[in-house]
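A.B. asks: One-letter residues, chain by chain:
Number of protein chains: 2
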Amino acid sequence: MPNDMFLDNLTHTLKERGFGKNNTLVATSLCCDEVNRELEKGLKKTFGDNFSMGGLAGFAFGGVTSFCAMAHHIPTNGNCLVIFGPHVGVDADGVVGKVNRRGRAHSGACCGSAAAAASYVSSVRKGVSKVSDNPTDPLDAQQTYVGNMLLPYGTRLALAIDPAVELPISLYDAQKALIDKIVSKGCGEVGGDGKIALLGGIQINTPPGTPDYFLPMSFELLDNKGNKLANMIGTLRMNRSNEDLYALIALGMFAATLFYVM
Amino acid sequence: MPNDMFLDNLTHTLKERGFGKNNTLVATSLCCDEVNRELEKGLKKTFGDNFSMGGLAGFAFGGVTSFCAMAHHIPTNGNCLVIFGPHVGVDADGVVGKVNRRGRAHSGACCGSAAAAASYVSSVRKGVSKVSDNPTDPLDAQQTYVGNMLLPYGTRLALAIDPAVELPISLYDAQKALIDKIVSKGCGEVGGDGKIALLGGIQINTPPGTPDYFLPMSFELLDNKGNKLANMIGTLRMNRSNEDLYALIALGMFAATLFYVM
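These protein sequence lines map, in sequence, to chains A and B.
Here the first sequence is numbered in numbering that gives the first Met the number 0, starting from 0 and rising by one per residue.
Here the second sequence is numbered in numbering that gives the first Met the number 0, starting from 0 and rising by one per residue.
In short, the hints are calculated from the structure, not lab data.
Some hints could be false.
All copies of an identical chain are treated as equivalent in the list; a pair is satisfied when it fits inside any one copy or across any two copies.
[Claimed, not checked] No farther apart than 27 Å at their CA atoms in a straight line, the calculated lysine-lysine pairs in the DSSO-like style are these:
1. Lys43 / Lys20
2. Lys44 / Lys175
3. Lys184 / Lys129
4. Lys44 / Lys184
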């Protein structure tokens with residue numbers, strides 16, 4: 000759904016659970032790409048400035064330490080909202096995996112890190128490249144991690160009707176696995192009776208002037224022992240099947256086309 | 000100097016070099032901590048949404064891939080501004096290394112990642128802890144990297160008049176070393192005659208209602224072969240000695256005190 004509608008639904012759901020503007024800290028784990036600041040702007044309006052745990056492709060590379068630091072910044076007796084996920088562009092010609100950028104005549108890769116990781120995974124599957132050792136130097140560690148965390152999804156990507164659509168879905172699953180480990184290790188640092196709202200989804204970036212879309216994939220309420228108190232995904236979308244993503248991308252294409260025709 | 004004044008000077012200097020709103024992409028490498036969004040908001044007003052290369056403590060953990068991706072997003076024939084650096088809080092009682100946060104009665108560590116790294120470095124120097132192996136798992140890789148990149152500055156920290164003031168200065172030097180390597184490897188991806196303005200400094204966070212300060216430490220103009228075309232630091236500050244930092248922190252304490260007295 001368009002970001003504005005998503006943010007309205009999200010705010011409403013969280014308000015019912017006691018998450019207000021003054022007692023909630025929002026932590027984002029979105030990709031470095033500047034097109035993702037738009038969603039953060041929307042979140043800031045409701046919850047104030049965001050802690051940022053994310054790195055390339057949206058993985059929560061700030062890790063356990065970043066979650067624990069964030070937990071120590073939560074207003075006393077308050078809660079946190081952690082929102083994570085990959086992103087995918089849809090350009091003005093409807094091409095999934097590309098986006099039109101300010102001041103450039105042609106659309107370009109979006110998400111670029113994801114595209115590079117998919118290329119690496121494909122190359123490993125074909126036997127052209129070897130599996131990279133996990134890095135020991137921070138100079139370009141993140142991209143190697145992105146590639147290796149995408150590797151288990153190689154078959155899904157290879158068999159997908161549209162690999163460009165499957166890519167963010169696979170990345171979402173890989174990111175969910177990482178953030179679950181992080182929250183499991185760090186949740187005890189949330190003070191008092193504080194709750195953790197853990198929301199994962201796929202950001203769909205569209206041409207300038209068209210609203211971006213957010214596809215919620217999971218939305219859980221946890222206590223600070225890691226117990227799942229509620230599954231709230233139903234408050235944000237009708238169903239969880241991947242058809243939703245195809246529908247949303249089609250909608251994004253429609254909106255984009257409309258924008259360029261008008 | 001206060002962020003507003005810093006941003007005015009920065010915009011003026013860059014304008015003279017041909018960096019305008021429509022042809023410049025800004026990339027930040029600031030810490031995850033939500034107190035650093037304030038500076039990004041100021042930058043957005045002038046240059047639009049920021050690419051985000053940063054992770055814990057402000058290190059450019061997005062690495063070479065993030066710089067190259069950013070370079071591919073620059074408007075055609077345009078330039079980029081890369082701004083990086085650690086941050087340090089000054090709380091309402093004038094304590095350096097702490098900050099007052101929304102909804103919390105007592106001030107807390109700022110930067111928390113830096114404080115944890117300094118504690119690790121001190122512990123290694125005393126022989127209490129061993130040097131950590133560089134990580135091979137992304138779960139908490141960044142904090143291990145922060146600690147190990149701070150290790151060479153252990154003597155400086157141990158001998159400093161005020162280790163809390165020396166900490167961000169040492170982190171700045173460590174971050175400058177990393178970003179120089181990243182820019183050296185990635186600069187060729189900046190297209191055409193595009194320039195790279197590489198600006199490093201220390202963000203000083205103050206209590207809510209008081210302006211934050213930015214202490215510029217280096218400001219270089221590079222071409223896309225990595226050649227240094229100009230040293231522009233003189234346009235942002237009078238001199239580069241560390242006394243400036245002490246003076247600014249004292250000023251921050253004064254402003255903070257004033258705010259609480261008023």
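A.B. asks: Compare the structure with each hint and give your call.
C.D. replies: So, going through the hints one by one against the coordinates:
Proximity of Lys43 and Lys20 under a CA criterion of 27 Å is satisfied in both settings, with 10 Å inside one chain copy and 23 Å between copies. For the homomeric pair Lys44 and Lys175, the shortest alpha-carbon distance inside one copy (26 Å) is at most 27 Å, but the shortest distance between copies (33 Å) is not. Taking the shortest Cα distances, Lys184 and Lys129 sit within 27 Å of each other only across copies (23 Å), while inside one copy they are farther apart (32 Å). In this homomeric assembly, Lys44 and Lys184 never come within 27 Å of each other (Cα to Cα): the closest approach is 30 Å inside a single copy and 38 Å across copies.
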